[in-house]
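Visitor: Given chain A, put chain B in place with the hints provided.
Protein sequence lines, in the order shown, are assigned to chains A and B.
Residues 490 to 676 (the working numbering) are what the first sequence spells out, left to right.
Residues 33 to 252 (the working numbering) are what the second sequence spells out, left to right.
For the record, the hints were derived by calculation from the structure and aren't laboratory data.
Subject to a maximum C-alpha distance of 27 Å in a straight line, what follows is the list of computed DSSO-like cross-link-like pairs (lysine-lysine):
(1) B:K87 with A:K531
(2) A:K672 with B:K87
(3) B:K72 with A:K659
(4) B:K72 with A:K672
(5) B:K87 with A:K659
(6) A:K531 with A:K671
This structure is a prediction, so every number in the text was calculated from the model and none was measured.
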Amino acid sequence: METIIAERIKEVKKGNTQAFEDVVSFYQNKVYFICFRMVGNKQEAEDLAQEAFIRAFTNLESFDERRKFSTWLYRIATNLTIDRIRKKKPDYYIDAEIKGTEGLDMHDQLATDEALPEEQVENLELRGYIQTEITALPPKYRSVIVLRFLEELSLQEISEVLDMPVGTVKTRIHRGREILRKKLRHV
Amino acid sequence: MMNCEQDIIYLMHKYLDEALTDEEQRILSNHLQKCEGCQKRFHELKRTDTLIADKSGVTAPASFTDSVMSQLPEEKKRAPWLGWFRHHPLVSAAAVFMLLMISGIFSAWNQDQQVTVSKQEGVVIEDGTVVVPEDVTVEGDLVVRNGDLKIEGHIDGDVTLINGRFLDGDTTGTVPEGENLQAYVSGELNYVNQVFEWVWYHMKNFAGEVFSIQEKESPE
Numbered sequence: 490m491e492t493i494i495a496e497r498i499k500e501v502k503k504g505n506t507q508a509f510e511d512v513v514s515f516y517q518n519k520v521y522f523i524c525f526r527m528v529g530n531k532q533e534a535e536d537l538a539q540e541a542f543i544r545a546f547t548n549l550e551s552f553d554e555r556r557k558f559s560t561w562l563y564r565i566a567t568n569l570t571i572d573r574i575r576k577k578k579p580d581y582y583i584d585a586e587i588k589g590t591e592g593l594d595m596h597d598q599l600a601t602d603e604a605l606p607e608e609q610v611e612n613l614e615l616r617g618y619i620q621t622e623i624t625a626l627p628p629k630y631r632s633v634i635v636l637r638f639l640e641e642l643s644l645q646e647i648s649e650v651l652d653m654p655v656g657t658v659k660t661r662i663h664r665g666r667e668i669l670r671k672k673l674r675h676v
Numbered sequence: 033m034m035n036c037e038q039d040i041i042y043l044m045h046k047y048l049d050e051a052l053t054d055e056e057q058r059i060l061s062n063h064l065q066k067c068e069g070c071q072k073r074f075h076e077l078k079r080t081d082t083l084i085a086d087k088s089g090v091t092a093p094a095s096f097t098d099s100v101m102s103q104l105p106e107e108k109k110r111a112p113w114l115g116w117f118r119h120h121p122l123v124s125a126a127a128v129f130m131l132l133m134i135s136g137i138f139s140a141w142n143q144d145q146q147v148t149v150s151k152q153e154g155v156v157i158e159d160g161t162v163v164v165p166e167d168v169t170v171e172g173d174l175v176v177r178n179g180d181l182k183i184e185g186h187i188d189g190d191v192t193l194i195n196g197r198f199l200d201g202d203t204t205g206t207v208p209e210g211e212n213l214q215a216y217v218s219g220e221l222n223y224v225n226q227v228f229e230w231v232w233y234h235m236k237n238f239a240g241e242v243f244s245i246q247e248k249e250s251p252e
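Excised from the complex, chain A in its bound form (with noise of 0.2 Å):
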């Protein structure tokens, strides 16, 4: 698939347009995916998603390409993604590292254990819930997170995709995990 993907890039380089059609249809779920998972909304993660295949169309000269175009397209969908988030929600998070600190976030200074009311677990669906969590991650978590999910990735790509070291990929996978493991244990 990579190479049909691949033909069809250059032929949209080449002037035609409608050779983009393949590329969307193929990584449109992707794509939507990593939207959706970051800001929790259907409408907005389809502006999104739209918006960053429009983006890479109009910026495919600058793709190399030697390179993988999910890599480079999965960058511009998290780069617009985390854009707006950052344009819309308060800089303060529960979650947000306490500064000094290496991984030590509020979390650590409160409770840990204390359990979600089970009736408003039964409320929530499942999949809503799930989503609610990973919704609430501070932004640099969701996106590892949220790429390490959409499979196929390797941590090696996914320090790519948000340029940085693998190392901090790791960091930021395990702390997200952690919060999510004391998030969605009692369901």
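Guide: Frame of chain A; chain B shown alone:
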């Protein structure tokens, strides 16, 4: 739970990252066999991964591709040569340099074609024609480049026309006789007349060409 918790938890995550070595795998499973707390935690972590890996229901709407395609900007034709420039920076730089140089020469040439007059006071320039209005007296010599000259007022001095023609007040394109000029140029009439003749002579020979006259006329 025990002291080694942090290390073991790290191994759990490493397991989930599919990055455990055989040795680490052995340490982890040995520990899990004797530590119930870690077993529980490991189970929770694995379950967390399973839960968040579930992608069912998260798919783009059916109209997604069409919608993107309809929003794409129209032309994409410039792309090939833009790409070429990107891959040949040195040639591109040379091309830009040449372009600037040629446009520089061209604009210098154009500037040379513009009408210039040695004295501006009271003189009117319109449509490539320099007009000395009726009530104006130009003191001293007048040099006109690349433009026609029409005298309605007076000139006290020499007139030199470069790449231009002298226009009569009413009839354009003809050079008046000395007598006609008397009405326009006071004082130094003969003198001026000579210059007109001289210019007309050159006009006939080099009509339409660019040339310059450095020479100053001296009185007969």
